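Residue -4 is where the sequence shown starts when you use this note's numbering, and the numbers rise one by one after that.
No wet-lab data here; the hints were simulated from the structure.
Predicted, not measured: the structure shown is a model, and the values here were computed from it.
Built from N, CA and C at the ideal position, the CB exists for glycine as well.
Incorrect hints may appear among the rest.
What the hints assert, rightly or not - Below, computed lysine to any residue pairings styled on SDA-like, alpha-carbon distance capped at 20 Å:
#1 K90 with S68
#2 K97 with I76
#3 K78 with F46
#4 K43 with S68
#5 K97 with L74
#6 K97 with E71
#7 K90 with A50
Stated by the list, open to error - Pairwise CB distance ranges, derived in the manner of DEER restraints:
#8 R62 with R36: 19 to 27 Å
#9 I76 with S96: 15 to 23 Å
#10 L74 with D53: 29 to 37 Å
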Amino acid sequence: MHRKNQRLNQWLASHVFRRLKSLHGSTQFQQPAKPLTSNSRADGRFDKRDFVYIAKRDEYRCPAGERAIWRFSTIENGLTIHKYWSSACPRCSMKSRCTPSK
């Protein structure tokens, strides 16, 4: 059931974005954020609420205070996904609180 709701939410976000684009003729609309689906916080890690988006720079500030800059965009399941990360991550003392990856 959870997977079905996730697909419905993705479809709805994509539909709303396309509708806004058709009404206003612009691609400058930001898609709604994906819902919180991770158990990061329950596992003792940061979740996306801990990362602050800075619109005028199009970057995020991580909990360690580092800049996560835009790297590339990709399309997944018909949605444009923007990828950001910081070059400081590999040597960050807080990395274990961001990701389970080594």
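Comparing the hints with the structure gives:
This hinted pair does not check out: K90 and S68 have alpha carbons roughly 23 Å apart, beyond 20 Å. For the hint linking K97 to I76, the alpha-carbon distance of about 24 Å lies beyond 20 Å, and the restraint is violated. Only pairs whose Cα atoms come within 20 Å are accepted, and K78 paired with F46 is accepted, the gap being roughly 13 Å. With a CA separation close to 18 Å, the supplied pair K43 and S68 stays within the 20 Å bound.
Our distance criterion of 20 Å between C-alpha atoms is broken by K97 and L74, whose separation comes to about 28 Å. As the CA atoms of K97 and E71 are separated by approximately 25 Å, the hinted pair breaks the 20 Å bound. Distance check on the hinted pair: K90 and A50 sit about 24 Å apart at the alpha-carbon level, beyond 20 Å; violated. Checking the proposed 19 to 27 Å range against R62 and R36 shows it holds: the Cβ atoms sit about 23 Å from each other.
A C-beta distance of roughly 18 Å is found between I76 and S96, which places it inside the suggested range of 15 to 23 Å. A beta carbon spacing of about 18 Å between L74 and D53 contradicts the range 29 to 37 Å that was offered as a hint.
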